[in-house]
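**Q** First to last, the protein sequences are chains U and D. This note's numbering numbers the first residue of the first sequence as 327 and each following residue consecutively. This note's numbering numbers the first residue of the second sequence as 122 and each following residue consecutively.
Hints in this document: simulated from the structure, not taken from any laboratory. Just so you know, even glycine gets a beta-carbon here, dropped at the ideal spot from N, CA and C. Treat each hint with caution, since some may be false.
[What the hints assert, rightly or not] In the SDA-like style, the derived pairs of lysine to any residue whose C-alpha atoms are separated by at most 25 Å in a straight line are:
(1) U/K362 <-> D/F209
(2) D/K312 <-> D/L159
(3) U/K362 <-> D/F213
(4) U/K362 <-> D/L340
(5) D/K259 <-> D/V286
(6) U/K362 <-> D/A186
(7) U/K342 <-> D/M172
(8) U/K362 <-> D/Q207
(9) U/K362 <-> D/P210
(10) U/K362 <-> D/V335
(11) U/K342 <-> D/Q203
(12) U/K362 <-> D/L341
(13) U/K362 <-> D/S184
(14) U/K395 <-> D/I280
(15) U/K342 <-> D/A176
(16) U/K342 <-> D/Y208
(17) U/K342 <-> D/A204
(18) U/K342 <-> D/F150
(19) U/K362 <-> D/Q203
[As the list claims (entries may be wrong)] Covered, in the sense of this in silico footprint (three residues per stretch, anywhere, with C-beta under 8 Å from a C-beta of chain U), are these stretches of chain D:
(20) 279–288
(21) 292–298
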Amino acid sequence: MTEPKAPLSLDELDAKLRRARQEAGGDGAAGAAPAKALGVGFRVGIELVVALVVGVGIGYFLDVWLGTKPWLMLVFFVLGTGAGIVNVWRVVTGLDQAVGYRGETGEAASKTGSDDGGGSRSR
Amino acid sequence: MAAKTIDPLHQFEIHPLLPIKLGAVDVSFTNSSLWMMLSVIAVTAFLTLAMRHRALVPGRLQSVAELSYEFVAGMIRDNVGQAGMQYFPLIFTLFMFVLFGNLLGMIPYAFTFTSHIVVTFAMALVVFVGVTVIGFVKHGLHFLRFFLPHGLPIWMVPILVPIEVLSYFLRPISLSVRLFANMTAGHAMLKVFGGFTVMLGLFGIAPLALNIAVTALELLVALLQAYVFTILTCVYLNDALNMSH
Numbered sequence: 327m328t329e330p331k332a333p334l335s336l337d338e339l340d341a342k343l344r345r346a347r348q349e350a351g352g353d354g355a356a357g358a359a360p361a362k363a364l365g366v367g368f369r370v371g372i373e374l375v376v377a378l379v380v381g382v383g384i385g386y387f388l389d390v391w392l393g394t395k396p397w398l399m400l401v402f403f404v405l406g407t408g409a410g411i412v413n414v415w416r417v418v419t420g421l422d423q424a425v426g427y428r429g430e431t432g433e434a435a436s437k438t439g440s441d442d443g444g445g446s447r448s449r
Numbered sequence: 122m123a124a125k126t127i128d129p130l131h132q133f134e135i136h137p138l139l140p141i142k143l144g145a146v147d148v149s150f151t152n153s154s155l156w157m158m159l160s161v162i163a164v165t166a167f168l169t170l171a172m173r174h175r176a177l178v179p180g181r182l183q184s185v186a187e188l189s190y191e192f193v194a195g196m197i198r199d200n201v202g203q204a205g206m207q208y209f210p211l212i213f214t215l216f217m218f219v220l221f222g223n224l225l226g227m228i229p230y231a232f233t234f235t236s237h238i239v240v241t242f243a244m245a246l247v248v249f250v251g252v253t254v255i256g257f258v259k260h261g262l263h264f265l266r267f268f269l270p271h272g273l274p275i276w277m278v279p280i281l282v283p284i285e286v287l288s289y290f291l292r293p294i295s296l297s298v299r300l301f302a303n304m305t306a307g308h309a310m311l312k313v314f315g316g317f318t319v320m321l322g323l324f325g326i327a328p329l330a331l332n333i334a335v336t337a338l339e340l341l342v343a344l345l346q347a348y349v350f351t352i353l354t355c356v357y358l359n360d361a362l363n364m365s366h
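Make a model of the complete structure from these sequences and hints.
**A** Here is the structure:
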């Protein structure tokens, strides 16, 4: 962020930046652990509610539109619940992985390899 | 506000400051627009003023600016990887805009534009549509595999694919509702306790003490919600850029 006094050529600057980035790796000083946990807490709470409400809402409006009164609402109630639970489960299981929201098949590791190992696992 | 009535939702009312009509569409400049503009101006002023000296050893203001840069950059590197850094400008803008909107809303008599779902949903929709477009550009139709988790038994497909699709479309909604609900609830609560303080006279010291605590909590929520909004943007971007299944 700061510039040296003598101007570098763009190539030199580029090389310097690249080296600095390599050294920094993914070791960003992002949110301290408590802030992270609080963030997760706030995320989970709303996730379940929204999924349920939206599921029931979609079902209800489809029912009104298609005239199939209780059935689609019931179906979408179940789908919404499922989506909510799946979302919460993902948030919670994603916690102990540096990268990868959907670590269910254990592929987060291979992905970190592909993007130049940027993910920090130090935490 | 009158002493005897508590109207905690009055603060969220939008009123036009400069009525403008474009045909049948009302595009008035409202108090909401004013505070959005103030937020943009504040962010710009803060960042340009803070970085004015470009000192090698940063001063107080400059280190705050550098901290916010590093914070967002770190979030992107941790959640998306180096490939995500090309979206840094968008994510940083979103973060600062939401953060300043939340914080400016904490000033008495200010208007909190993040307490309006129109605003938060518009931002969430930009993220959602943007991320979906990025996903399709990067992966083509293969992006639809997103709805079909890897290693799924065939009989689970009719159950899980609708759930996956639904949970994908829930993203902009939960993203916007989270921010809007937290801001609205917090500010309404502050107003309610403020009303109690006025009504109770001498005994109002109790709700006043509570209000001080809630104000501190609201400051935390203001920061946290900006953080959550940004980190979810990163998570969604990561899903689109590096499809993990």
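**Q** Given the hint that U/K342 pairs with D/M172, does the C-alpha gap stay at or below 25 Å?
**A** holds (21 Å)
**Q** Hey, U/K362 versus D/A186, does the alpha-carbon distance stay inside 25 Å?
**A** holds (21 Å)
**Q** For the pair supplied as a hint, U/K342 and D/A176, confirm whether the alpha-carbon distance does not exceed 25 Å.
**A** Holds, at about 19 Å.
**Q** Is the straight-line distance between the alpha-carbon of U/K342 and that of D/Y208 25 Å or less?
**A** Between U/K342 and D/Y208 the Cα gap is close to 21 Å, so the pair holds against 25 Å.
**Q** Do the alpha carbons of U/K362 and D/Q203 lie within 25 Å of each other, as the hint requires?
**A** Between U/K362 and D/Q203 the Cα gap is close to 21 Å, so the pair holds against 25 Å.
**Q** When you check the alpha-carbon spacing of U/K362 and D/L341, does it fall within 25 Å?
**A** With Cα atoms ~13 Å apart, U/K362 and D/L341 stay inside 25 Å; holds.
**Q** Check whether the Cα positions of U/K362 and D/F213 lie no farther apart than 25 Å.
**A** holds (18 Å)
**Q** Sort out whether D/P210 lies within 25 Å of U/K362, counting only the CA atoms.
**A** Distance ~22 Å between U/K362 and D/P210 Cα, so the pair holds.
**Q** Take a quick look at whether D/K259 and D/V286 sit within 25 Å of each other, Cα to Cα.
**A** At roughly 19 Å apart (the allowed maximum being 25 Å), D/V286 and D/K259 satisfy the hint.
**Q** Are U/K342 and D/F150 close enough, with their CA atoms no more than 25 Å apart?
**A** violated (47 Å)
**Q** Would you mind confirming whether the straight-line C-alpha gap from U/K395 to D/I280 stays at or under 25 Å?
**A** Holds. U/K395 to D/I280 sits at ~22 Å (cutoff 25 Å).
**Q** Holds or violated: are the alpha carbons of U/K342 and D/Q203 at most 25 Å from each other?
**A** Holds - the C-alpha atoms of D/Q203 and U/K342 are around 16 Å apart, at most 25 Å.
In terms of the numbered hints stated before, the structure departs from hint 18 and from no other.
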